[in-house]
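Line by line, the protein sequences are chains A and B.
Take the first sequence: its position 223, counted from the start at 1, is 223 in our numbering, and no numbers get skipped.
Take the second sequence: its position 101, counted from the start at 1, is 101 in our numbering, and no numbers get skipped.
Since the hints were derived computationally from the structure, they do not count as laboratory data.
Treat each hint with caution, since some may be false.
As the list claims (entries may be wrong) - Calculated lysine to aspartate or glutamate pairs in the DMTMM-like style (CA-CA distance at most 20 angstroms, straight line):
{"hint": "1", "chain 1": "B", "residue 1": "Lys165", "chain 2": "B", "residue 2": "Asp149"}
{"hint": "2", "chain 1": "B", "residue 1": "Lys165", "chain 2": "B", "residue 2": "Glu35"}
{"hint": "3", "chain 1": "B", "residue 1": "Lys87", "chain 2": "A", "residue 2": "Glu94"}
{"hint": "4", "chain 1": "B", "residue 1": "Lys177", "chain 2": "B", "residue 2": "Asp17"}
{"hint": "5", "chain 1": "B", "residue 1": "Lys173", "chain 2": "A", "residue 2": "Glu28"}
{"hint": "6", "chain 1": "B", "residue 1": "Lys87", "chain 2": "A", "residue 2": "Glu28"}
Nothing here was measured: the structure is a model prediction, and the numbers come from that model.
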Amino acid sequence: MIRLFLFLFFSVIKIFSQDELLDLLNEEPIEPLPVQATFKATRIVNSQSVELPRSKMLEFMVQHRFGTVENGFYDLFGLDEAAVHYDLKYGLHERLAFGLGRSSWQKTYDVMIKAKLIRQTEGQGKTFPITVVIFSNMGINALRKDAIVKDNFANRIRYLQQLIVGRKFNESVSLQVVPTWSHKNLVPAHEDEHDLFSAVLGGRIMVTRRFSINADISFPLGDRPDSFKNGWGLGCDIETGGHVFQLLLTNARGGYEGAYIEDASGSLSTGEIFLGFNITRVFSI
Amino acid sequence: MKKIFLFLCCAPLLARDLYITRSGAVSFYSHAPMEDIVAVNKQASCMLDLETGSLAFQVPIRGFIFPNALMQEHFNENYLESHQFPKATFKGNIDHWLELKIGPDPQDVAVTGTLTIHGVSREISESGTLARAGGGINGLATFEVAPADYDIRIPKIVRNNIARKIQVTVNVKLQQK
């Protein structure tokens, strides 16, 4: 009798023991980890995203904006013209990157620093819901001397400071809000403000693992002239290993950092919108 | 009688000779025409029951460290989908356990069980070695895993960058629990 019990008992143990062992291992929870890939690229369409160039990697990005589409086939929907911005960025650390750029518009050079202050985390236990990044950019206009204003070096400088607050809600949806302060040392007219504040909203929806639809739009905080247009961009990300291609439509012709916030010129009603693309290529060095 | 029965019931649980590690190494190597990729994970857990020869592994996918940060992100985001399948597991038995004697010299063993990666479970049978060392037991195994078997889709554009069969190496140093 006892033997029978024992036999049954041990046979039961033997059947369940593998699962038991795995359960024992499973008791240790996976610690919260920073979320990955809130966005695929360091820009959403025009605006900076919460992503930084990856640690120890060099990132080369081309922002290319064609001319306005309104002339149709005459200039092939603006493809005959181009405004470009190039930049090279390097990830010093997973939370700190810097870069240098150049735009054809107003021949502007720029330097930038991007730092991740807080990371959104996921997993079991105590997690944090948002990522916070600061982005700081200084642009230097390198146009030839203009006789009208005194040509101080300081007059050629503009600044853009952004606090990027983003959240990856799930594998598909990420959103961010970006309070922005831009400062121009020299403004065109006496009544123009040196300091302008605004908020940029941006987000993406993933369609497949390597394709997403992105959009961003900026809203001014405070007064602007009547001619002011909210800059917006609508595009998609196509990721292929070391590249991210972003095809887009926007009402801002690009140019220096933040031009999409204060200097958007086009509107849907007049057909003055621009086709463009961003290409990101990374190199590990 | 009752007492004896209870004792016998509990005895196997109490007396079990469990060996464990929480810092085992699992690495993989992908050899493809365009590039070789190596990633190492030092957070693998493993448990071996010396009574029965039962064996279990648990490997957190986010623990794989690549030399290239973007590659690591793509590994998690696009291939292993670690947000949905955070762990790879194995549960199985060492074949002919009762006939084996584990000594200081590496003993060849065959392991049969269920490997679960990316939410897909498959029965596998692979070989490795076990050896006693300094009061513990060291285990070593190298085997191949085909991503396609675990529903890990590799797009055409990177076919030449990722091997069809990935060589996996497991190295654990187990200590008595």
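Exercise for the section: Output the numbers, in ascending order, of every earlier hint that fails for this structure. Expected result: 3
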